[in-house]
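Novice: Going down the list, the sequences are from chains Z and L.
Residue 30 in UniProt numbering sits at position 30 of the first sequence; the count goes up by one each step and never skips.
Residue 224 in UniProt numbering sits at position 224 of the second sequence; the count goes up by one each step and never skips.
It is possible that part of the hints are untrue.
[Said to hold, decoys possible] The list that follows gives simulated cross-link-like pairs (lysine-lysine, DSSO-like), each with its CA atoms no further than 30 Å apart: (1) L/K66 - Z/K66; (2) Z/K194 - Z/K215; (3) L/K194 - Z/K215; (4) Z/K66 - Z/K56; (5) Z/K194 - L/K215.
What the hints contain is simulated information worked out from the structure, not anything from laboratory work.
Please read all numbers here as calculations on a predicted model, not as lab measurements.
Listed below, chain by chain, are the residues.
Protein chains: 2
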Amino acid sequence: MTKKDVAGETPPPRAKRLPRAVRERQILDAAVRVFSERGYHPASMDEVSEVAGISKPMIYAYLGSKEELFAACIQRETTRMMEAIGGVVDVNLDPEEQLWRGVLAFFTFVGENRDSWQVLHRQAGTQGAPFAAELAEGRRRAIALISVLLDRAASKEGVGAFAEGQTEPLAAALTGAGEALAEWWLEHPDESPKAMARRLMNLSWMGFGNLVDGKAWHPEKQPEKA
Amino acid sequence: MTKKDVAGETPPPRAKRLPRAVRERQILDAAVRVFSERGYHPASMDEVSEVAGISKPMIYAYLGSKEELFAACIQRETTRMMEAIGGVVDVNLDPEEQLWRGVLAFFTFVGENRDSWQVLHRQAGTQGAPFAAELAEGRRRAIALISVLLDRAASKEGVGAFAEGQTEPLAAALTGAGEALAEWWLEHPDESPKAMARRLMNLSWMGFGNLVDGKAWHPEKQPEKA
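Bound-form chain Z, shown alone:
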């Protein structure tokens, strides 16, 4: 990521070319790192340029202003997170296994990408209107994905409790619970992704009703059905 651009500060049109997608990825990787380490306001485009090894004019040409670059970071990180979750969920599995895989993939992603989670969540949530809107849009995308997964689980099992437009609010609640746990995790970094994922399973799969009955959720020993 600190590799210098061979073209130097002001690349001539005939400089050795990388595909645009590759350059954009380098810029976004650098920007996520700089924004999360410095915070949005103190971060400078000079620093992004330095870390990316790509000239400032090229950054502006590809991804626009600092504000636009930050918005692009949020979009990119949201997409990566959703790909990580979507990649492990298999509609042929039973709902419990799908939920466990999705939840574990979420916390694994957050754990491996503390930088990007911070960009996504803390920074975006504290920098005011345009980024809060990006964050809300990312949340809507996540809710839509989870809602589709719950709908599929419901239609496969043929059950009524999930049906009739009930999945979207439940997906919103699950998303909010996941975000809140990931936020809590930042203050308790010694916890493993698996331990965090089990907490969300305890809430969302088991429910407090089972917990007060002494039944907790375990990945290895899945609880007997009532």
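Got chain Z sorted already, so can you dock chain L onto it with the hints?
Specialist: Only chain L this time, still in chain Z's reference frame:
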């Protein structure tokens, strides 16, 4: 709330006096209304003064700058919400009834105080750093309260799944789920507080495990224990 201050624009020291607490409440009522209707930036202190019927100099003297006034609104509304929840939860009830009452009180409060919920949540979440910090602080207070309630429920039932420092992250997850559902509710205003509260019970008390088995949570007919 639109009652005019008898002292007019610049009240002399000997103007007919209201206790400070009453004036502050009038100012905060007016500010919550103006901020939520206009948004933080477009809202003016002139308008707050007009709606409160209290002169601008007195507002500045009592509650400080526009920024400080907005922060005071968030604190006051958080306190009101927590009093509403704390007021219905009775430690002598069983955990299920406590959770149901608390969850219903939350959605009843949000439903009756859409203005203040907006101030609390949307505006604070989109206005940048100082208010995001107030919001985070309010969230911490809510998590601490719910955590204490869950701890009490756990010690009363003598169960292990809630014990050993497990209640705080579960309280955080429940808070996040509640916030996300309240946010979803803003886009679906026809839903009743009770319908929203049942959704949160379905997630947090029953869990998806019960829902895919066709067991949903009902306030009247509480589900048989497994």
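Novice: Does each hint fit the structure? Answer for all of them.
Specialist: Taking the hints in turn, this is what the structure says about them:
no.: 1; hint: L/K66 - Z/K66; in the structure: holds (28 Å)
no.: 2; hint: Z/K194 - Z/K215; in the structure: holds (18 Å)
no.: 3; hint: L/K194 - Z/K215; in the structure: holds (27 Å)
no.: 4; hint: Z/K66 - Z/K56; in the structure: holds (11 Å)
no.: 5; hint: Z/K194 - L/K215; in the structure: holds (27 Å)
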